[in-house]
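K.L.:
Two independent chains are provided; combine them into the complex using the hints.
Order-wise, the sequence lines are chains A and B.
Heads up: the first sequence begins at 1 in this note's numbering, then just goes up one per residue.
Heads up: the second sequence begins at 1 in this note's numbering, then just goes up one per residue.
For the record, the hints were derived by calculation from the structure and aren't laboratory data.
Be a bit skeptical, because a hint or two may be false.
Computed list of lysine-lysine pairs in DSSO-like fashion (alpha-carbon distance at most 30 Å, straight line) [said to hold, decoys possible]: (1) 269/A <-> 90/B; (2) 21/B <-> 426/A; (3) 189/A <-> 165/A; (4) 127/A <-> 189/A; (5) 316/A <-> 406/A; (6) 8/B <-> 292/A; (7) 292/A <-> 7/B; (8) 80/A <-> 49/B; (9) 21/B <-> 326/A; (10) 49/B <-> 426/A; (11) 15/A <-> 75/A; (12) 90/B <-> 292/A; (13) 273/A <-> 49/B; (14) 305/A <-> 9/B; (15) 273/A <-> 292/A; (16) 269/A <-> 9/B; (17) 326/A <-> 49/B; (18) 380/A <-> 406/A; (19) 9/B <-> 21/A.
On a predicted model such as this, the values are computed, not experimentally measured, just so you know.
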Amino acid sequence: MTIVRKVLLTQDEFKKIEEDKNEWLPKGMETGGYIFGKLYPNGLAEIKHVVDGGPKAERSPISFSGDNENATRVKEELQKEDPEIRLLGEYHLHPWEGPANLSLGDVNQLREVKKQRPWFIVLLNTKDDYKIWDVETESTSGDHESVSQPQMESYLKSIPYQIVKTDLGSKENLLDRVLKITKHDILMKKTVLIVGLGSGGSTIAKYLGCTGIGRIILIDNEELETVNLIRHEGGLEEIGKPKVEICKRTIESHNPFAVVETYNFDATKYFTKLEKIASEVDLIIGSSGSNKVNNLLNKISVEMKIPAVYGGVYEKASGGYVLTVKPFETACYNCLFGITSRSYSVDREAAKRYGLDENELHQQQGLWIDISFPSLIASKMALAILQDEQLDYNLVLYDSSLEIKKLKAARREDCAVCNEERWIRKTLESNLRFDKD
Amino acid sequence: MPWYLRKKKRLMLEIELMESKGVNFQLCQNDYGDLLWRGPLCVLGHYHKDVRLVYLADFPYEPMDVYVLEPSLPTSYHHVFSDGRICYIKPEEWNPSWTAYDVYLTTIRFLHDFYLEEIDRFW
Chain A
1 MTIVRKVLLT QDEFKKIEED KNEWLPKGME TGGYIFGKLY PNGLAEIKHV VDGGPKAERS
61 PISFSGDNEN ATRVKEELQK EDPEIRLLGE YHLHPWEGPA NLSLGDVNQL REVKKQRPWF
121 IVLLNTKDDY KIWDVETEST SGDHESVSQP QMESYLKSIP YQIVKTDLGS KENLLDRVLK
181 ITKHDILMKK TVLIVGLGSG GSTIAKYLGC TGIGRIILID NEELETVNLI RHEGGLEEIG
241 KPKVEICKRT IESHNPFAVV ETYNFDATKY FTKLEKIASE VDLIIGSSGS NKVNNLLNKI
301 SVEMKIPAVY GGVYEKASGG YVLTVKPFET ACYNCLFGIT SRSYSVDREA AKRYGLDENE
361 LHQQQGLWID ISFPSLIASK MALAILQDEQ LDYNLVLYDS SLEIKKLKAA RREDCAVCNE
421 ERWIRKTLES NLRFDKD
Chain B
1 MPWYLRKKKR LMLEIELMES KGVNFQLCQN DYGDLLWRGP LCVLGHYHKD VRLVYLADFP
61 YEPMDVYVLE PSLPTSYHHV FSDGRICYIK PEEWNPSWTA YDVYLTTIRF LHDFYLEEID
121 RFW
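Okay, chain B solo, but in the shape it has when bound (with noise of 0.2 Å):
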């Protein structure tokens, strides 16, 4: 059973916590069944239209997958993948307390050490 139905309570909080801070994101489902939250990121004037936080079968246990698309970044760096998966945390920082809205916030920090150029020296 996916962790959503398993876990309401949290998958609620989810969705308060996005919607409550004015997060101007959808909720939405992805061919695979996995729940994800879908919108633009505009960072230090660089526009992102299709930003994704994915949430994946054993959330919260496991991290959210992070892309940001439309347009993507260059894979050049150390922490964008080929398919616009960016590496915005390490597994071992990863803990359960995180929600998507942690993972939003840190995007957008993620976006601004990469447009000021210091993504590969601090990340």
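Chain A with its partners taken away, still in its complex shape (with noise of 0.2 Å):
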């Protein structure tokens, strides 16, 4: 079934809405009209034509009906010129005050509606509100009996829309250039996932924002602080705003053909709600850097069979990594960076390794310019990897002096996440050895 996740439409289909309010709202009138324009693989629903609600449409202050046969005649007009246009849904323009929100009347309709056309959606204005409406309309019983008042909240969701000041043309116009470089059809049915939008996560989120990829979930739990700006995507007037939205702003804005979904929450403090996102991804990118995060999402990543790509850099942005993992095909990131000290000590001998003390080791200095290599690499291996491309590598390390190794990180075959029960074996064995020793 087609869901619909995000509406855009231009500045000048927008306009025929208002001119239709304008009109009609203030002599206490409902209105409303049909909005028809394409639906693409990723949910996706771009208006192409507003159209009212034709010359036998019937209005009243509470209630309005259009004309269908007028809209019938339209649309088959619109199919000529572009066959893959349809009917997406209808707007309905309210004469009152108040939010935009739908009658239990309107969900049930709505609900019916939609087992004929499962994309039908519902833009609704009041004089103080817009929003654009879907229903679900499988029950838990997985009929479709009517919904009750205290059940309509649950059915029903708010999907974002995104007007654009010029009418782009095709979505293949945008991608132009692109198209014939990249397997535009697999991209666009993709949806990634990526978490940690700091200085190299916002710039992955950008670069694959522009591929072509269908839906890119980002999650994040900061704000941009004035100590980002100088290597974030996020500029001086978004700075107090969320991550998660300054990134979403930066991929719509480059291709408002991307459906991007944004969560703002700490992935550590949340794992099963990141579990169930990450549960309908592609791929999963983890861009924060933190050891606890990958950890966390390469249990994911394994236990739910997901490519990922995870990538950072050392101190002082002096190199950067980038591995990507197919799940018991390739090394996991617990294969790699599983090999830890267990000693409190490994900080100390790290500092002293790389000549610093320890204080420094932690104020995460580095240029954006060292930050953006090994970022750019884990977006074009991300897309690699989405396109089924067959790399015979999966490890790249990289250092700031443009130096850059490609490498076969193996399996580990003692690894605590992937050969789990293999190393619960060596585990118990090592020891009762070491015991009878």
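P.N.:
Right, here's the structure in full:
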């Protein structure tokens, strides 16, 4: 079933709704019309034509009924020019104040319509508010009985929308310069999850957003601070805004055909939520630089068999790594990073090796240029995985003297995550042997 | 479902290691349903009647909590929280191959350094 996840329309089409509103609402009449456009596999509904109620439309202060015959004629004419155009839904304008919420009757009526047209949505406008609504058709029992008032909210879904200033023409027009070098039909159906939208993650999000990937889900719990400015996609005017919203804005300003969903929460504190979101993606990207977050993502990746890409930089961004994981085929995150010291002295030793003191290690120094190199490599490798390209390496090491090494990291036989049973056996055996000695 | 119901072999390993090493701790469950190891520890002559190594919901992907109680350690140190919990590891250093036995050994090392007054220097 097609789920509408985002609505895209131009200012010109939106203006038609406003004109209808200005004509009828001052007379105290309800009004409305039809919206026609295209529906893409990523859940994007692009409104191409807004058509008013038609000559036989009936309007009253509490009801509106459109001229369906006229709408059918309009649709047929539009389809002569572009066969992919379909009726996406209706718009309704109410002459009263208050929030643009659907009534119980509206919800049940819409549920009936959606039996025939599962993608059908409603744009609702009052004097103060403007919303786009969808409803779930499936009840918990699986049938289509009417919804009662207490149940109503759980069936309603507000659809985010983006209004663009200019008519973009077609999606193919916007993506013209990448269509011949990417597997667009595959990418459009893919969903990517990016966890961590700092210096690296915001760069990855922007570049992947410009490839034609259908749906991008962003998770981060931080807001943009002054110290972030010189190495983040967000600018001065966005200080204080959640990083997820900044990255969504960045992607959508380059590619409005991308569906971007945002979640502002700490991935380490709401693991069940993270797991639920990740369960429907094709690729996980761990760009937080946090071992804790990456361990949790690795668990999800391995248990749900979802490919993953992890990227990070070393101290002072003097270098970085990108690891791609195909669960049970190549090394997982723990195969590579699970071999850390079991002692508190690890930081002191590391500091000594780098000729630094311990405090210096935690100051997160690093130029955005140096962080961007591994981020771009991560974006490139993510794209390769999504397009099912075979890579003969899964680990890329980069250092800021511009040296790049491509390596093949094998699975570790005693990995506690992707070879758990063998690791348990080995741990028990080595401990028993140690005891005997 | 709690980790110990999903990962029974891992749970058996945890028990096997603690028992085979002769650790005098008991496995029990707290009010939140978390499993924990509980027992006494004596380090450099300082006796703590109740030390708890608590498995959290996302074990082994997140560190275990460690509480040193009866008596608890003074909170004037950076690595001791008011509820008796100690900061024995940076979350970044944790990996899923850490077992309760590793946490137990690290706790002893922590207390050793604590009583030698080296705790804020090295941890």
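K.L.:
Now look at each hint and say whether the structure bears it out.
P.N.:
Against the structure, the hints come out as follows:
1. This hinted pair checks out: residue 269/A and residue 90/B have alpha carbons roughly 16 Å apart, not beyond 30 Å.
2. With a C-alpha separation of about 16 Å, the suggested pair residue 21/B and residue 426/A falls inside the 30 Å cut-off, and the hint holds.
3. Of the pairs offered as hints, the one joining residue 189/A and residue 165/A holds, with about 26 Å between alpha carbons and a cut-off of 30 Å not exceeded.
4. Only pairs whose Cα atoms come within 30 Å are accepted, and residue 127/A paired with residue 189/A is rejected, the gap being roughly 38 Å.
5. A threshold of 30 Å between alpha carbons decides the hint, and for residue 316/A with residue 406/A the separation of about 22 Å falls inside it, so the pair holds.
6. For the hint linking residue 8/B to residue 292/A, the alpha-carbon distance of about 23 Å falls within 30 Å, and the restraint holds.
7. A hinted pair counts as satisfied when its Cα atoms are at most 30 Å apart, and residue 292/A with residue 7/B qualifies at roughly 20 Å.
8. Between the alpha carbons of residue 80/A and residue 49/B the distance comes to roughly 83 Å, so the proposed pair goes past 30 Å and is violated.
9. For the hint linking residue 21/B to residue 326/A, the alpha-carbon distance of about 37 Å lies beyond 30 Å, and the restraint is violated.
10. For the hint pairing residue 49/B with residue 426/A, the CA-to-CA distance comes to about 33 Å; that exceeds 30 Å, so the pair is violated.
11. Proposed proximity of residue 15/A and residue 75/A is supported: the alpha carbons are some 20 Å apart, at most 30 Å.
12. A threshold of 30 Å between alpha carbons decides the hint, and for residue 90/B with residue 292/A the separation of about 10 Å falls inside it, so the pair holds.
13. Of the pairs offered as hints, the one joining residue 273/A and residue 49/B is violated, with about 38 Å between alpha carbons and a cut-off of 30 Å exceeded.
14. With a C-alpha separation of about 20 Å, the suggested pair residue 305/A and residue 9/B falls inside the 30 Å cut-off, and the hint holds.
15. For the hint linking residue 273/A to residue 292/A, the alpha-carbon distance of about 16 Å falls within 30 Å, and the restraint holds.
16. As the CA atoms of residue 269/A and residue 9/B are separated by approximately 26 Å, the hinted pair is consistent with the 30 Å bound.
17. Taking the CA atoms of residue 326/A and residue 49/B, the gap is about 47 Å. The hint is violated against a cut of 30 Å.
18. Restraint check for residue 380/A and residue 406/A: satisfied, since their Cα atoms lie roughly 13 Å apart, inside the 30 Å limit.
19. Under the criterion of a C-alpha separation no larger than 30 Å, the hint pairing residue 9/B with residue 21/A is inconsistent with the structure, at around 65 Å.
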